[in-house]
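Asks: So the chains spell out like this:
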Amino acid sequence: MQQQEIHDFLLRYFQANNCELVASSPSYMTVQLTEEMDKELMNRPFYWHYLEKTGGVPNPMKLTLITNQQQVPSDLKGENIHFGSPRLHQIFSSSKKLAGYIRLYENYQGAPGRQTPLLPWLCLNTKISYQCDRKRDVYQSIGLQLINGRMVTGFHDRLLQVPLTPKIPDYAFTLSPIIMPKSGVTRIENLLRANLSEEDHTWAEEARQRWEKDLQLLEHFYKDIEDDTESYEIEKQALREQFEPKITISVINGGIFYLTDQAI
Amino acid sequence: MTVQITFDSSWQDELINRITNDGPWGNWELYKLANEVEQHTLIPQFEGLQAPKHLSQLTPLPHQLEVAKQVVENMNGKAILADEVGLGKTIEAGLVLKEYMIRGLVKKALILVPASLVSQWEMELNTKFFIPAVAQRKSYVWEQCDVVVSSIDTAKRNPHRDIIFQQSYDMVIIDEAHKLKNSKTKNYEFVQNLKKKFCLLLTATPIQNRVSEIFNLVSLLKPGHLGSESAFYGKYKKDARSIDDDKHLQELVNKVMIRNRREDTGIEWTKRHVETIPIEFTSAEQELYDSIQLLKENTSETASSPFSIMTLQREACSSREAVYYTLKNMLKRQETPSAIFEQKIASIIKKVEAVTSNSKAEKTLELIKKIDDKVIVFTEYRATQLYLQWFLQQHGISSVPFRGGFKRGKKDWMRELFEKKAQVLIATEAGGEGINLQFCNHIINFDLPWNPMRLEQRIGRIHRLGQKKDVMIYNFAIKDTVEDHILKLLYEKINLFEKVIGDLDDILTKLDFGKVEEHLVDIFSHSSSEGEMKIKMENFTSMIQFAEEMREGDGHAATGNS
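Residue numbers (the UniProt record's numbering), protein chains in the order written: chain A, 1 to 264; chain B, 1 to 562.
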């Protein structure tokens, strides 16, 4: 992520959370946090607890974030934000937390008087992690139409092309799902599992070989030591944790989308 | 080939919950941001390093990045990092730890370091690597914090020990790991029984004396890598001194150990300029110096300690305050001092009182004014330190004191004051390990320690990675005194000042360092005359020169010398 991208990201984050921009330039921004955002980011539960008890007037903080240290007024005090900074990662995880579940409608402006049906879709944005003593991830976005069971990969990118709104538009109505969301999730899970089982898993094979090799060394080492089975077991377990290949699928976010027939 | 696949099902329960309750639903903009974030923080490949782009405060050197990459890609996260002193093993370890944390392979880590380095590790991990490391001060820390820094001596004792053994560490890092070379010690057994997935052992001297040391270190990391104990010793002699002799063993060790030498790194080190500044006593000072000779003559009290005469002489080269302080102590130590002894002391004290100025201090003042930048002044004596602080203050120069005895927090504070506020740091001790003062490049050695390692440590505080300028070292020596001899014989002959730490390390390792120190103690404390001292010195210098020549000639042969 370049500094410019980080800057845009922060602007969008605070705007999405209704925080007023007090001052800004391409190199920094000062935002007036709302009460909710203060609680979300500033980590001062005692202050808020105290206010609630005493009924005082809440005074949420202002936050100054600097994205380009070279081009800010010299007297400006604020936090330097870069890709590794703890504040940015806090905001990253906050946006994931605040937007874990969603329900949106396609903003379709049909002719007055003619009712347009909207079809329900279930979307899951997932991260698939391949882990042994090393690790890599793959992003997968899957959409499932909850009436005819059609599945679409790269669903999130397709959604970005569709105008969406949180309220059902006029002259539109939703169709009830035939596939229940719970079994919809299972269908998506099964698809991901099926795809994974067809992949080339040389990486896992190699990890098992490394594991086996270290295990043999370990056994050889403890061969003539009889009374030290405890540390042998500890080491053996540690090797399992280090090398055993596994794949975990975690959900980043997702939800229900009601879309017109021709949207996807 | 089947791989176990886990699907995180917690998300769907909450989805059903929200559908039933008709919300709350997230904001579309945030939802999109969350996906972008995820795609940005995704780790696309098993290979390569992610850590550098997370570290804006740090520009790792090429050899440090290479080490981190090697450890992650080829050593499966278990390695001995054995770079020479000053090449940044801490940075390498931090890079590896950060890499694994970003990849989500390490969450819980334990870092065991010497007690004096605990705060520094904590600080570096936090500020340079943004790793929320916590120094262990309360016992709940073991369980509640993910990254804990502690000294091994604390950790191995109960109640800590039992709690630690309950934890499952993803990574264990041990600094100064050569202290674990003996497998019979409590420390060794403690580390052996830690539950650890990945492990880094840091040491600049993986082998000091015998091959058994490397066997023990490797066995902590990867038991069996060098075979079982009996098989190993069957093959290699236990007290063999070098692993260079055996290609096969060397190869095996290189699979788990990385060692960079100063010259391999391709870094241009800044130069050291050494200037000896001869100083002349005032006549009052000279008289004081000469009067100390009086003590040598037939007094029973001093006959037993030629060392204190030598000490007094060296102190007389430093400041009258230092002499006075020692004299007072000498008197106090004698339960019933003889009249003649008391009389002699009194006469020296008179000479002390007669001294009204300090030639070295004047010179220091002049030099500091000329340098017009930050300066570290080292002295051996606390009395001199106090005097200098007063003296400089009289002339409007701000200074801060520094002593080895300061608590960690005070040391950090003094360092901070020196960096931000004061022009001069007056230190009585190099502080040994820990304090780094690369922002300063001038050292005045107000007086000289007789142990060259101490001097190396002094210089090492500023001449290290991160020093951008050439380092200037000024040595003060008063003409025709014991100080002059020390300087000429030890420092100029062995040419210590131009050497860098690593080189000296090598020479001393091969010489068996303990002996060097013994030699020095012998030379300076047991010589009954200056003549004897000179002869012993000559012997000693030629020994070191011999070792050096051996080293330049043939790496292997030098190991046999001692």
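The hints are simulated quantities; they were obtained by calculation from the structure and are not laboratory data. Every value quoted in this text rests on a predicted model; they were computed, and no experiment measured them. Treat the hints loosely; a few may be bogus.
[Claimed, not checked] Residues from chain A that keep clear of chain B, each with C-beta distances beyond 10 Å, as calculated:
| no. | residue |
| --- | --- |
| 1 | 13 |
| 2 | 15 |
| 3 | 21 |
| 4 | 82 |
| 5 | 166 |
| 6 | 241 |
| 7 | 255 |
[What the hints assert, rightly or not] Cross-link-like lysine to aspartate or glutamate pairs, in silico, EDC-like; alpha carbons within 16 Å at most:
| no. | chain 1 | residue 1 | chain 2 | residue 2 |
| --- | --- | --- | --- | --- |
| 8 | A | 182 | B | 36 |
| 9 | A | 135 | B | 47 |
| 10 | A | 127 | B | 29 |
| 11 | A | 127 | B | 335 |
| 12 | A | 97 | B | 47 |
| 13 | B | 107 | A | 241 |
| 14 | A | 182 | B | 13 |
| 15 | B | 53 | A | 5 |
| 16 | B | 108 | A | 241 |
| 17 | A | 97 | B | 38 |
| 18 | A | 127 | B | 38 |
Where a beta carbon is used, it is the ideal one built from N, C-alpha and C, also for glycine.
Asks: So, for every hint listed, does it hold in this structure?
Replies: Hints, one by one, checked against the model:
no.	hint	result
1	13	6 Å, violated
2	15	7 Å, violated
3	21	15 Å, holds
4	82	4 Å, violated
5	166	7 Å, violated
6	241	5 Å, violated
7	255	7 Å, violated
8	A:182 <-> B:36	26 Å, violated
9	A:135 <-> B:47	9 Å, holds
10	A:127 <-> B:29	20 Å, violated
11	A:127 <-> B:335	81 Å, violated
12	A:97 <-> B:47	30 Å, violated
13	B:107 <-> A:241	13 Å, holds
14	A:182 <-> B:13	8 Å, holds
15	B:53 <-> A:5	14 Å, holds
16	B:108 <-> A:241	13 Å, holds
17	A:97 <-> B:38	12 Å, holds
18	A:127 <-> B:38	8 Å, holds
Comparing the model with each earlier hint shows violations of hints 1, 2, 4, 5, 6, 7, 8, 10, 11, 12; every other hint is respected.
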